Amino acid sequence: MDEVYDQALSRLSKQDTDAEVRACAEDCIGDLWIAAPEIVKTKGLKEWEFICRPSGKTEGAVKVVTKVAKEAPVGDDWANGCVQRLINLLQKSGRAGKAEVFGALEVLLKSYSAGVPPSLPSALVPVIRPYITTADISLLAQGLTILSILLELSPSTTFQQVESDLLNSMHLVPNLVIASEKAPKTENSPANVARCIAQVVKNSQGVAAGVIAEYSKNIKSSSKAKPSLVILSLLIVGELGRFIDMSNQKEVFNNSIEHFASDQEEIRSAAAFAAGNIAIGNLQQFLPAIVKMVETDPKKRFLALHAAKELEGVADFLWTPLFANSQNAEEATRNVAAACLGKLATTQPSKYLPQLHAKIRDTSPATRATVVSAIRYTFADASQSYDELLSPLLVDFLSLMVDDDLTVRRLAISSLNSAARTKPHLVRDHLKSLLPNLYKETDVNPDLVRTVQMGPWTHKVDDGLETRKTAYETMYTLLDTCLAKLDLHVFLSRVLPGLSDDSDEIKVISHMMLFRLSQVAPTAVSQRLDEATPQLEKTMKGATVTKDTVKQDLERAAELQRSALRAIAALSKVGAGVSPKFDAFVEEIRKSQTWGTEFKELTA
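Once you know that position 277 of the sequence shown is 277 in full-length UniProt numbering, the rest is easy, because the numbers rise by one and skip nothing.
In case anyone wonders, no lab produced these hints; they're calculated from the structure. The structure displayed is predicted, hence computed values, not measured ones. C-beta atoms are modelled at their ideal positions from N, C-alpha and C, and glycine is treated no differently. None of the hints are false.
Below, in silico cross-link-like pairs of lysine-lysine (DSSO-like), each with a Cα-Cα straight-line distance of 27 Å or less: (1) K202 - K182; (2) K70 - K41; (3) K485 - K573; (4) K551 - K538; (5) K551 - K541; (6) K600 - K573; (7) K292 - K309; (8) K432 - K469; (9) K485 - K432; (10) K14 - K41; (11) K185 - K226; (12) K70 - K43; (13) K46 - K14; (14) K250 - K220; (15) K110 - K70; (16) K250 - K226; (17) K14 - K67; (18) K92 - K14; (19) K14 - K63; (20) K98 - K110; (21) K217 - K182; (22) K46 - K67; (23) K220 - K300; (24) K224 - K300; (25) K250 - K292; (26) K67 - K92; (27) K440 - K460; (28) K250 - K299.
Cβ pair distances, simulated, as ranges: (29) D429 - Q205: 46 to 54 Å; (30) A382 - E59: 32 to 40 Å; (31) T320 - N203: 34 to 42 Å; (32) R428 - E266: 35 to 43 Å.
Produce the entire structure from the sequences given, and follow the hints as far as they go.
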């Protein structure tokens, strides 16, 4: 051990030692301190004078100091010396290596056996002060971590340094609100501000009553507060309601409910959030009011359901009234009820998934639609905690893709899309039976196309469009998550008709699938270029201009052409020489005055 130490020290003490050799010597000293501290302690710590030298590269030294501070009991004097050297590094300009320095400081501060020296906070806090800025978020977080450690280990001396200058804690909550009010609308996030304020209050319960009183006055019916402050105040009392019992301030809950009638959607949404979260703080007091609104108040039912979405742990109270609302004629209300049911099902899947499954053959289309929508929301949780329960039921739920009701079919396809995106392992083995039903919904059903008279004009309305679009979106998802289980010949046979669909949105999805197929299945897609070319040519010719053509029509046509152009550019990279028809078309695009330059950029 002594020989190893002496050799390492010899390398460290020489100015002309190679950088790589020096790094190895530093690591060696660190390992000796960890493996044989009783031997190295007798050497007088002189090795650290060379490791922590003021000149040259410091990354290796900081790394070794961090490692030894974590694993070896060197002593407080050593820790103090290292901290002083790290302070010097923080005072140097530039960001390089600062993150590692903060990491070393954190370890060293926690390593003091006799406590932080009284003089250290006054030396360290001013050095950290320049890093308490949003200019570099990662260093800001590390700087705040060091301050919190100092406050914990040496509160009396540290607080004097940070209270007035850095944290200004007495004004933290109002300052957050002022910053939110001043921020441009595009940069403002009142929900995040409310969460920050809630955390401040949660850690300083003494200010809770004052904060509730201050912001609850903004939601009174007599308040003259501007809408943005009303929204923020509702979000704040909602966040606080999650951990504070407001049964002694019932007017806060009641005032939140009154805002259900607001003309502004953002205020109504914030009010529902507030009511639901206040109920969490005292379920016995506030939950019955929410359940009653769900059951008996048609005007407030929609927002009451939104409030119920916050109440994950009270499924028994809400399950029955939520299902009762599946008969509601308003699809928006049914959708919120379904979202609540899906969310509640994930809290007790063994109890509620079978109950959902039992209703998939209900005689009411509205109930079946609610069930399949609720299942879709269970896929939002990507964890596999209840997959074993869901897996044997999944095919039955998705069998509603062949339901007689168009809405139920669309929602079932949407559920397959969600499952394929977040839980593809559950659907891959069942695609052989599911895909024929999915592909069927990509066909235009003439029975769903009707003619509507609008003044002197007639207009065709395709009631099956949304279902067909959802089917194409699902195909695109499957291409990403279940490629190995797809018969690409059959798959392409459904993609190609999308190129000529009357819907521009479906054309765009088909272009996206061709682009993706050119990357993941170039051979398969190149074999179908002859079939794809005519429709791509038609799209690239653009809209026919008539006297009734407006600017928006031309803009939509141009966007559709750009979508097709991206697909053509991708296909040209994998299909050259396979289809003379396609090659001639590509050459025509390449020479086009309108699209030639953009095409060359895409293929560069």
